[in-house]
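These are the residues of each chain, in order.
Protein chains: 2
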Amino acid sequence: MKEYDCWFQEQTEKPCLNAEILSRLFSAGEGAVFNNAVSEYRFILKKSWGLNVEKVNKISAPGTTIGILSYLAPLVTGDVKLPPALPAEGFYIRAGADQLLIAGADERGLLYGVYRFLALLALGGLKAGDEITEAPAGRLRMLNHWDNMDGTIERGYAGPSLFYKDNRIEYDRERIVDYARLAASIGINCISINNVNVRREAKRLITEECLPELAELAALFRPFGIRLMLAVNFASPKSLSTIDSADPLDPAVANWWKEQAGIIYRHIPDLAGFIVKADSEGESGPFQYGRTHADGANMLAAALKPHGGELVWRCFVYDCRQDWRDHSVDRARAAYDNFMPLDGKFAGNVILQAKFGPLDFQVREPVMPLFGALEKTRCVMELQITQEYTGHQIDLCFLPWLWESIMNFDTRRGFKSRIGEMTGKGIEGFAAVVNVGLDRNWTGHTLAQANLYGYGRMIWNPAITAKEIAHEWSGLSFGPGKTAEAIAGILLKSYPAYEKYNAPFGICFMVTPGLHYGPNIEGYEFSQWGTYHRADRNAIGVDRTSGGTGYAGLYSPENAEIFEQRATCPENLILFFHRLDYDYKMKNGETLLQNIYDTHFEGYDEVKAMYDTWTALKGGLDEPVYNSVLSRFERQLSNAREWRDQINTYFYRKTGVTDKKGRKIYD
Amino acid sequence: MKEYDCWFQEQTEKPCLNAEILSRLFSAGEGAVFNNAVSEYRFILKKSWGLNVEKVNKISAPGTTIGILSYLAPLVTGDVKLPPALPAEGFYIRAGADQLLIAGADERGLLYGVYRFLALLALGGLKAGDEITEAPAGRLRMLNHWDNMDGTIERGYAGPSLFYKDNRIEYDRERIVDYARLAASIGINCISINNVNVRREAKRLITEECLPELAELAALFRPFGIRLMLAVNFASPKSLSTIDSADPLDPAVANWWKEQAGIIYRHIPDLAGFIVKADSEGESGPFQYGRTHADGANMLAAALKPHGGELVWRCFVYDCRQDWRDHSVDRARAAYDNFMPLDGKFAGNVILQAKFGPLDFQVREPVMPLFGALEKTRCVMELQITQEYTGHQIDLCFLPWLWESIMNFDTRRGFKSRIGEMTGKGIEGFAAVVNVGLDRNWTGHTLAQANLYGYGRMIWNPAITAKEIAHEWSGLSFGPGKTAEAIAGILLKSYPAYEKYNAPFGICFMVTPGLHYGPNIEGYEFSQWGTYHRADRNAIGVDRTSGGTGYAGLYSPENAEIFEQRATCPENLILFFHRLDYDYKMKNGETLLQNIYDTHFEGYDEVKAMYDTWTALKGGLDEPVYNSVLSRFERQLSNAREWRDQINTYFYRKTGVTDKKGRKIYD
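First to last, the sequence lines map onto chains A and B.
Using numbering that gives the first Met the number 0, you'd call the opening residue of the first sequence number 0 and step up by one each time.
Using numbering that gives the first Met the number 0, you'd call the opening residue of the second sequence number 0 and step up by one each time.
Hints are computed from structural coordinates only; laboratory data are not their basis.
Cβ coordinates follow ideal geometry from the N, Cα and C atoms, glycine included.
One or more of the hints may lead you astray.
Claimed, not checked - Cross-link-like lysine to any residue pairs, in silico, SDA-like; alpha carbons within 25 Å at most:
no.	chain 1	residue 1	chain 2	residue 2
1	A	Lys617	A	Asp438
2	B	Lys659	A	Asn537
3	A	Lys607	B	Asp322
4	A	Lys584	B	Asp322
Said to hold, decoys possible - Stretch by stretch, here's where chain A covers chain B in the computed footprint (C-beta under 8 Å, at least three residues):
no.	stretch
5	377-389
6	635-645
Stated by the list, open to error - Short, incomplete list of chain A residues facing chain B, as computed with Cβ under 10 Å:
no.	residue
7	Tyr516
8	Glu524
9	Arg533
10	Ala608
11	Tyr651
With the hints as constraints, model all of the structure from the sequences given.
Here it is as structure tokens:
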């Protein structure tokens with residue numbers, strides 16, 4: 000495995016389909032993405048299997064035919080049957096005895112079909128006669144970059160930015176193309192390229208000063224079916240014009256944005272739109288002018304509308320100057336309370352982007368109650384690929400494990416149900432802060448590439464399981480076989496292990512403030528951030544039931560009832576919803592406290608087991624990959640030990656109760 | 000009061016001595032400092048009282064005679080008797096009916112005598128017939144700057160550096176002269192001008208690249224009797240030469256330092272020497288080469304010796320990678336354990352600089368046991384004027400209150416006794432990180448000027464009281480009178496108030512890690528820094544008696560006995576030495592817990608009282624000074640409230656015991 004190549008490795012085995020079929024290529028279609036699909040087919044077969052693909056000018060057998068459905072339909076004859084239609088961005092693959100056919104609903108569909116076919120080829124699972132039809136569940140499949148123009152990345156753990164350096168746009172064209180390939184191959188169709196906290200120089204990205212360079216960047220992504228999106232500062236008119244306001248109802252402000260949008264779209268005609276973090280954590284927004292989020296979003300959306308752009312408005316809005324003394328305020332309610340009353344008030348090209356949970360990408364949170372509740376507002380769900388609270392790409396934490404549980408969450412609201420099933424309906428798609436940087440292996444921890452891969456796969460098809468993703472990614476990255484199976488096994492153990500040694504049972508925020516790595520059990524306890532656990536000598540947790548902050552009641556009545564009751568509340572979230580005495584009896588018959596001790600001892604032991612599994616793989620892995628991952632596991636062991644011991648000591652000091660099994664808890 | 004002028008204010012009253020006497024000046028002596036003493040006499044009489052001082056060429060009455068004792072002795076005749084001798088840097092002042100006489104033991108002594116006389120004149124307390132003889136207790140009276148070359152100041156709370164900007168030496172000459180005046184007027188004779196953490200560009204300060212500019216800076220301080228000192232990086236040969244070592248026993252290393260010292264002294268012939276932080280908090284040092292601190296210090300001292308330079312070696316050495324689980328290690332022991340075995344091993348021009356307490360400038364610590372124990376090693380005590388742990392010059396905290404208690408600490412060792420009495424004997428002097436920056440008022444909080452003033456006064460004369468200093472400073476800064484008395488009253492209340500709302504009873508380190516402002520009660524509890532309180536549901540504190548870490552035993556037997564016993568241990572340090580149950584009965588008959596509650600309620604109330612006293616002064620103060628101090632008091636109130644409530648809530652949660660007096664403790 001070469002770490003840079005991710006899931007496009009050089010193959011040692013021959014392809015599982017006849018090389019003669021693969022190396023004669025007929026294609027039908029047109030457009031930049033179509034051309035690139037053809038080119039990618041040839042490039043990867045050459046790179047991975049050393050096959051030279053010859054272009055032929057008619058459909059032939061043995062041979063391969065790829066194209067856009069509408070172009071292929073009149074040309075394909077004989078036994079081969081094309082589907083009469085395909086959903087947007089979908090594809091059809093047919094591996095015949097002497098013919099391979101890949102048809103795309105459109106240019107992107109073809110590109111995705113090509114990548115999917117090549118992945119299946121690498122996995123060795125294709126055989127003659129196989130037919131595959133796929134289409135993405137959601138329309139918007141986005142990566143968010145939190146890259147700053149000084150080259151740093153907010154919550155980035157894999158080196159500097161791919162796009163910026165020293166307050167300039169500066170990038171390696173070849174690397175951008177490689178990144179675009181990685182993204183497109185997992186179905187990404189939109190990338191926002193700057194931090195939603197738009198500060199300093201980044202404010203000028205939407206001006207003539209930077210737009211020509213951004214247009215060049217857009218041109219690199221375009222053949223991969225990826226449109227750029229820009230994060231904009233709501234107060235831009237104040238810093239970029241002589242207008243001393245950003246009031247969305249001020250005609251001068253609205254006009255400035257209209258004109259600015261015109262300038263931007265002259266440079267990047269297919270820009271996907273803007274993404275905005277407003278009235279959040281110190282960022283400017285409509286509240287400052289006594290306006291609503293709808294006022295703010297609609298004004299910007301109107302500026303984008305003539306150009307076909309969309310406005311993504313983040314729902315991460317809460318009181319970040321909260322007084323810890325005040326138990327009546329509950330940050331978990333904030334997004335719902337802020338946005339639910341506005342349902343139906345947003346313009347047609349506004350999309351709300353809400354984090355999957357009500358707090359902030361904690362290891363375990365319930366799904367945000369806005370999903371399923373919003374009925375007249377377009378929305379996307381935000382996940383997080385970069386491991387902000389999940390180990391900084393030092394600790395291994397295979398996130399599709401979490402995402403699978405999110406996709407399976409049943410909102411139990413009206414016509415909608417599971418998040419996965421709502422995708423493409425109530426939820427238009429997904430966004431996520433990505434985990435890549437200039438590190439040679441893209442993601443710091445080489446195995447964290449699986450999170451990027453898994454994100455694309457899961458939002459393409461929310462019915463996929465974490466297990467399927469783990470095996471697929473491992474097979475592609477390490478070649479199918481025992482090693483890949485062992486690595487998939489490690490991946491699948493990693494999330495439960497991480498969850499066990501972290502903040503217990505959905506309590507959240509026992510992490511080091513600011514840094515968000517490692518334990519600091521009371522680190523947020525008296526802060527302004529609204530994230531408290533209120534542990535005392537007898538009990539822990541915030542009562543979010545009807546007897547407390549009422550947060551549980553924001554869900555559908557059935558879900559509210561489930562969360563309200565201790566007996567029915569899922570135990571991995573029980574401390575999110577309930578304040579419990581340490582001697583509360585959990586389902587396994589042990590006390591809450593003993594369960595905290597048990598999970599923390601287990602969490603560490605499971606990291607040790609992953610470490611041991613990894614060291615047993617030594618001979619079968621490329622040395623640099625082996626060593627780099629090993630050093631991360633060593634750091635993870637140390638981190639897991641801190642979590643285990645600090646959490647256990649903390650609760651031991653609070654309760655004076657020793658571990659039932661007599662294991663060492665420090666005093 | 001003009002904030003920039005500190006204790007050199009324009010006077011509204013006429014001087015309390017006859018202007019005719021003051022304005023005819025005869026002087027005898029020579030040298031740059033002598034000339035400056037004459038010049039300062041004239042400058043300040045003009046600036047403060049508008050008096051033009053005429054120089055006359057013989058002693059006359061009415062008139063003033065100032066000079067160096069040896070020059071004056073042959074000239075003074077008649078009734079006036081000069082003392083036959085004066086200790087180094089001392090002075091003699093005699094206010095006769097028609098003659099004023101100021102004689103210095105030497106140039107510096109004269110300068111100090113002039114400043115002292117002018118201060119007494121401003122305070123209005125001089126009368127004909129008064130005779131004053133003074134000399135400093137300690138030889139080395141140093142200010143340390145922790146200024147970085149990028150213009151920032153480590154632990155600086157009063158704006159950017161006076162000396163550096165954008166990685167260059169850059170300063171306002173006039174401001175440096177004003178600073179030199181302030182420093183000299185309180186007896187400072189040495190200033191180290193760069194951070195002891197010598198990083199990046201600062202490593203080049205000792206090279207030809209920077210020395211010419213430093214020489215110019217030295218020339219500005221020289222007429223004020225102030226010598227510069229440089230902080231050097233122990234690993235300099237590695238970064239500045241081709242020698243790939245800093246091993247103090249490597250002849251190439253020693254030689255490099257000899258040559259470098261030669262270069263430095265060609266530029267600044269009166270450089271006081273080097274100050275070094277080695278093997279501490281990540282800084283390089285002799286340990287890396289298996290050598291001792293004596294090896295390291297002596298090698299550098301040898302390089303300085305030919306030039307008359309001294310080597311100040313900091314004792315702030317401890318394991319900053321401590322494991323919180325390990326109760327056997329006690330950081331409080333570190334300086335003693337590291338340096339006591341080396342007593343007698345240091346070269347004659349090495350001076351150890353040890354912080355006043357065994358930890359790190361906490362609000363309350365016992366005096367470091369090295370003082371009095373070191374018998375064959377020269378040493379200075381390090382205080383801290385910059386308010387790192389004492390309120391960041393946002394909160395008012397009059398430090399002479401603390402220093403007075405340090406000066407009064409009786410080491411009860413052999414021929415030595417109280418710290419104050421040992422000054423000039425066992426303790427050669429003092430150093431302290433200063434609290435000034437480019438803020439117009441020098442110290443951020445205008446009233447924090449009192450700490451700079453008080454430092455100089457107290458190390459000059461350790462028998463002075465905080466009360467005397469407070470009244471003297473207030474009188475000089477605000478003009479003698481009711482306002483000054485009220486302000487002195489505020490100053491004198493400020494330390495006890497600060498101590499009350501902070502970490503209780505000598506427990507230390509409940510402050511926000513890194514920042515060192517505001518509470519974070521468990522912030523250091525599981526860290527690597529060795530500063531733990533180990534509070535559990537029943538008890539708090541580290542047992543540092545013979546039954547615990549044995550730290551108390553490092554003191555003289557009498558002191559050890561006092562600290563060992565709960566009954567005799569001073570209560571403001573009881574949690575430094577003892578682990579106590581919350582229901583431990585304190586001397587006032589209340590439990591430890593109730594005492595914690597009480598002190599924290601009182602601390603806040605006392606800040607409120609200071610605030611009220613200040614607002615009552617409104618009419619009598621210059622508006623800008625009033626407002627700027629008021630805004631600090633507002634922030635202090637908020638900080639004191641956080642300390643009060645977080646501490647009280649923390650212990651309430653731990654114990655479940657409510658306040659006896661029924662005051663509000665949040666849950």
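Okay, the hints, checked on the actual structure:
Under the criterion of a C-alpha separation no larger than 25 Å, the hint pairing lysine 617(A) with aspartate 438(A) is consistent with the structure, at around 23 Å. With a C-alpha separation of about 21 Å, the suggested pairing of lysine 659(B) with asparagine 537(A) holds against the 25 Å cut-off. Taken as a hint, the lysine 607(A) and aspartate 322(B) pair is honoured in the structure, with Cα atoms around 20 Å apart against an allowance of 25 Å. Between lysine 584(A) and aspartate 322(B) the CA atoms are separated by roughly 34 Å; this puts the pair beyond 25 Å, and the hint is violated.
For the stretch 377-389 of chain B, the proposed coverage by chain A is not satisfied: 0 residues have a C-beta within less than 8 Å of a C-beta in that chain, short of the threshold of three. Evaluation of the coverage hint for the stretch 635-645 of chain B: fulfilled, as 3 residues show C-beta separations to chain A shorter than 8 Å, against a requirement of three. With a cut of 10 Å, the hint placing tyrosine 516(A) at the interface with chain B is violated, because the nearest CB-to-CB distance is about 14 Å. Evaluation of the glutamate 524(A) hint against chain B yields a held restraint, the C-beta minimum of about 8 Å falling below 10 Å.
For arginine 533(A), the interface hint holds, since its Cβ comes within 10 Å of a Cβ in chain B; the closest pair sits about 7 Å apart. Given hint, alanine 608(A) at the interface with chain B, is violated; its Cβ is 23 Å from that chain's nearest Cβ, farther than 10 Å. Interface hint at tyrosine 651(A): satisfied, since its Cβ lies 8 Å from the closest Cβ of chain B, which is below the 10 Å cut-off.
This entry does not satisfy hints 4, 5, 7, 10, going by the numbered hints stated previously.
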